[in-house]
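Undergrad: Protein chains in written order, with full-length UniProt numbering: chain D, 1 to 243; chain E, 1 to 365; chain X, 1 to 174.
By construction, these hints were calculated from the structure, which means they are not laboratory data. Just so you know, these numbers come straight off a predicted model, no measurement behind them. The C-beta atom is built at its ideal place from N, Cα and C for all residues, glycine as well. There may be inaccurate statements among the hints.
To be verified - Per label pair, the in silico range of CB-to-CB distance:
no., chain 1, residue 1, chain 2, residue 2, range
1, E, I144, D, R63, 44 to 54 Å
2, E, F310, D, K71, 51 to 61 Å
3, E, F60, X, I155, 42 to 52 Å
4, E, P348, D, E42, 47 to 57 Å
5, E, F60, D, D152, 32 to 42 Å
6, X, E150, E, F47, 19 to 29 Å
Stated by the list, open to error - Which chain D residues stay away from chain E? Per the calculated CB distances, all over 10 Å, these:
no., residue
7, L21
8, M66
9, E145
10, S168
11, I175
12, A180
What the hints assert, rightly or not - Computed footprint of chain E on chain X; a stretch qualifies when at least three of its residues, placed anywhere within it, have a C-beta under 8 Å from a C-beta of chain E:
no., region
13, 61-72
14, 151-162
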Amino acid sequence: MKRKGANNTYFGNITEAFDTLITGLKTTWKHIPLARKKRSLENVDSEKYFEKQEGLFTVQYPRFEMPVPEKGRYQLHNEIEDCIVCDKCAKVCPVDCIDIEPVKATEEIGKTSDGTPKRIHAAKFDIDMAKCCFCGLCTTVCPTECLTMSQDYDYSTFDITDHNFPFSKMTEKEISDAKADLEKAMEEKAAMAREKAESRATSESSEKSADSTKPKAAKPKFIPRPMKKKKEGNNDDNKKEDK
Amino acid sequence: MISFLFFLGFLVFYGLIAIYAERKISAFIQDRYGPMEVGYKGLLQTFADILKLLQKEHIFTFAADKPLFAIAPTIIFVAMFAAFAVIPLSVNITGSTVATGVYYAIAIVSLDILGILMAGWGSNNKYAIIGAYRSVAQIVSYEIPLGLAVLGVIMMSGTLDLQEISMQQSIFYESATKNTESYLFGLKFLGINVGKYGGILSWNIFRMPPLIIGFVIFFITSLAESNRAPFDLPEAESELIAGFHTEYSGFRFAIIMLAEYGVMLLTSFLAVVLFLGSWSTPLPNIGALKLAEWTSGTPGSISADLWGIFWLCLKAMTLVLCQIWIRWTFPRLRVDQLMNLGWKYLTPAALIIIFIVGLWKLALL
Amino acid sequence: MLDAGTIAVYSFAVITVISALFVLITRHILHAAFGLLVCLLGIAGLYLLAGAEFLGVTQLLVYAGGILVLIIFGIMLTNRADGKTIKAGNHRVIPGILAGLAIFLLFTQIYSQSSFRDSLRSTDNNIPLMGHPVESLGVEIMTRYLLPFELIAVILLVILVGSLFISKKENDTN
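Can you make the complete structure from the sequences, with help from the hints?
TA: Shown next, in the form of structure tokens:
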């Protein structure tokens with residue numbers, strides 16, 4: 001560009017107007033023949049990704065897809081066969097999008113592909129992708145690496161409840177069977193404990209017989225997850241404000 | 001009658017093509033695809049849109065001035081279409097043979113403003129009224145340089161009849177009038193008679209070189225007259241939604257759109273007739289290669305009609321393409337810039353062109 | 001009997017008269033302006049049918065395309081300035097009718113006494129007009145009527161400068 005506005009003289013304005021108008025027209029004209037070039041489907045991993053300045057930029061999505069990087073965080077997927085239902089993912093999730101209902105098995109129900117024994121049935125393993133914030137923390141904490149983020153990113157639905165993906169493969173009957181087994185086992189255990197207690201009571205003193213159920217009650221029942229976080233957080237905030 | 005039927009059919013066909021072209025070219029300039037879904041490469045997209053518009057309900061706003069609102073699109077379209085009556089199609093098909101063709105075309109198009117005012121007022125919508133104000137202020141201002149640019153051509157050709165102006169630019173002129181006074185650049189002393197060469201050399205802009213600037217002025221003002229970017233203040237989407245036709249829907253909207261594209265075509269036709277040789281061929285006779293004669297047909301026969309219509313429409317379409325190209329290149333002018341350009345630059349330049357044309361004709365011919 | 005030309009003349013005349021009456025009767029001032037448009041178009045049509053092509057087109061360009069636009073523009077800009085629409089009323093009906101009758105009588109008097117009445121009657125459609133009407137008009141303006149033409153031009157220039165001056169002064173006070 002020469003002198004801008006050519007010192008704002010009358011004829012300077014005219015010549016500059018023509019200059020700039022023609023430059024503009026040339027610029028847009030160049031794009032018209034380039035429209036024959038389609039966008040090459042290279043993803044961001046490609047060396048040439050940022051060099052593609054020419055040709056059509058649009059990707060006609062349902063027909064052509066840009067390949068996504070392997071490390072990309074898209075849809076969560078749980079390989080339920082490998083899951084030991086440790087509940088770590090649900091605990092670490094910042095938005096509480098993983099919902100797990102564990103049912104303890106009476107014995108080892110199998111092994112994961114890396115040899116970890118499975119001892120808990122996953123009666124329910126739901127991931128609500130509508131809530132998911134794609135942070136990937138759950139995949140990091142997963143001890144068996146069964147929870148991964150897949151390449152699938154197009155799972156739009158008409159109903160938001162369809163974004164809740166259930167991964168558990170157990171049928172209703174299997175769940176009730178497992179629960180029944182567990183109850184039975186618990187009862188057996190409780191019975192055994194009672195017997196023990198009774199035998200202990202008869203041998204030692206009869207005063208403590210009222211507390212015979214105590215061991216059963218104190219037995220650590222499986223609590224799915226702590227839910228008090230929020231309240232504590234609020235309290236903390238209040239404290240901070242007080243200061 | 002042939003001319004009427006041709007223009008009615010051609011206008012609709014052109015509307016379909018021009019809207020498609022506009023979308024595609026704008027898309028290509030912006031590195032997009034444009035319509036791709038309906039038909040091969042989206043060819044039927046405009047057709048689908050028109051079908052949709054025809055089915056739509058006519059919405060009248062509650063506070064609209066109903067008679068004005070209902071009539072306005074008709075006025076806009078009729079004023080635009082009436083001007084096509086005087087455009088000659090070929091050496092035989094002259095349209096309406098009025099002696100004041102150019103004058104009539106400019107006058108009847110100015111009625112367009114009244115339709116726009118009616119539409120803007122009838123809508124009872126602030127955007128529509130502002131759009132109508134701007135449109136009228138713009139069209140009234142730009143009619144002056146437009147008329148002056150046309151005046152240069154009229155001074156050179158000495159007639160208001162568009163067919164006569166067309167004849168002067170064709171290779172038939174010499175044989176029809178026994179007039180051999182047709183020199184290169186209108187300069188007699190060069191002694192180069194271009195009458196027998198024809199083609200591009202006999203176009204008005206070459207017979208009278210100052211008219212090249214006249215043509216540029218005409219083209220710029222024609223953009224303003226058809227409310228197109230960079231002079232699209234009346235319908236500036238980002239400020240006024242759609243200007244005077246904000247409230248229109250359905251068939252009335254389709255008519256207004258067709259009229260908008262029709263004005264583009266009309267001004268292109270006028271520019272071609274006045275400056276770019278009308279229906280005559282751009283190819284000159286070079287020695288043994290009688291290109292001009294081969295591509296002109298013989299007067300009175302159907303071949304001349306076909307060639308005439310072909311060249312006229314080809315040139316007009318090229319200008320329409322330029323209009324589209326310009327629209328998708330330049331940003332919109334501000335109101336004060338618009339008035340500056342019209343009054344401080346185009347009008348004086350057009351006056352100077354008239355003066356130069358007069359001198360050129362007097363001194364050099 | 002009636003031929004196409006006569007029917008056209010009468011229909012244009014009817015359109016002109018009806019729209020003129022509409023302008024008088026309607027209370028909506030903008031509708032009146034658009035009624036005036038139809039009236040002017042009807043008159044332009046009558047000019048065209050009378051063979052005054054140039055005059056008809058000038059009527060279109062100057063009155064319909066120019067002056068009427070200014071009138072409507074003025075109405076639109078002033079209308080609703082105080083929040084309500086301006087309604088046209090029928091004031092001074094009797095003086096108006098008297099003035100109209102007087103002008104009508106004046107015109108009929110001129111028409112009956114002038115010489116062109118006979119020339120119109122003797123005009124045969126088969127006789128072509130002398131020369132090109134536009135050409136002869138131009139030549140006449142530039143030769144015989146040069147002085148009035150130039151006077152009009154000077155008056156217009158004065159008006160232009162005057163209006164510029166007035167609008168400038170207003171801007172300064174604002």
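Undergrad: A separate judgement is required for each hint: does it hold in the structure or not?
TA: Okay, the hints, checked on the actual structure:
1. Take I144(E) and R63(D): their Cβ atoms lie about 53 Å apart, and the range 44 to 54 Å holds.
2. Judged by the Cβ atoms, the range 51 to 61 Å given for F310(E) and K71(D) holds: they are separated by roughly 60 Å.
3. Under the hint 42 to 52 Å, the C-beta atoms of F60(E) and I155(X), about 46 Å apart, fit the expected range.
4. Here the CB-CB span from P348(E) to E42(D) is close to 55 Å, well matched to the stated 47 to 57 Å.
5. Look at F60(E) against D152(D): about 49 Å separates their beta carbons, and that is not inside 32 to 42 Å.
6. Checking the proposed 19 to 29 Å range against E150(X) and F47(E) shows it is violated: the Cβ atoms sit about 57 Å from each other.
7. Non-interface status of L21(D) relative to chain E is broken: a Cβ of that chain comes within 10 Å, the nearest being about 7 Å off.
8. Distance check on M66(D): its Cβ is at least 15 Å (rounded) from any Cβ of chain E, clearing the 10 Å threshold; non-interface status holds.
9. The claim that E145(D) lies off the interface holds: its Cβ sits roughly 41 Å from the closest Cβ of chain E, which is beyond the 10 Å cut-off.
10. A cut-off of 10 Å between C-beta atoms confirms that S168(D) is not in contact with chain E; the least separation is 41 Å.
11. Residue-level check passed: I175(D) sits 47 Å from the nearest beta carbon of chain E, beyond 10 Å.
12. Taking the minimum C-beta to C-beta distance to chain E, about 57 Å, the non-interface status of A180(D) holds against the 10 Å cut.
13. For the region 61-72 of chain X, the assignment as covered by chain E holds, since 7 residues bring a beta-carbon within under 8 Å of that chain's beta-carbons and 3 suffice.
14. Judged by the Cβ-Cβ criterion of 8 Å, the region 151-162 of chain X is not covered by chain E as claimed, because only 0 of its residues qualify and three are needed.
Against the hints set out earlier in the document, violations occur for numbers 5, 6, 7, 14.
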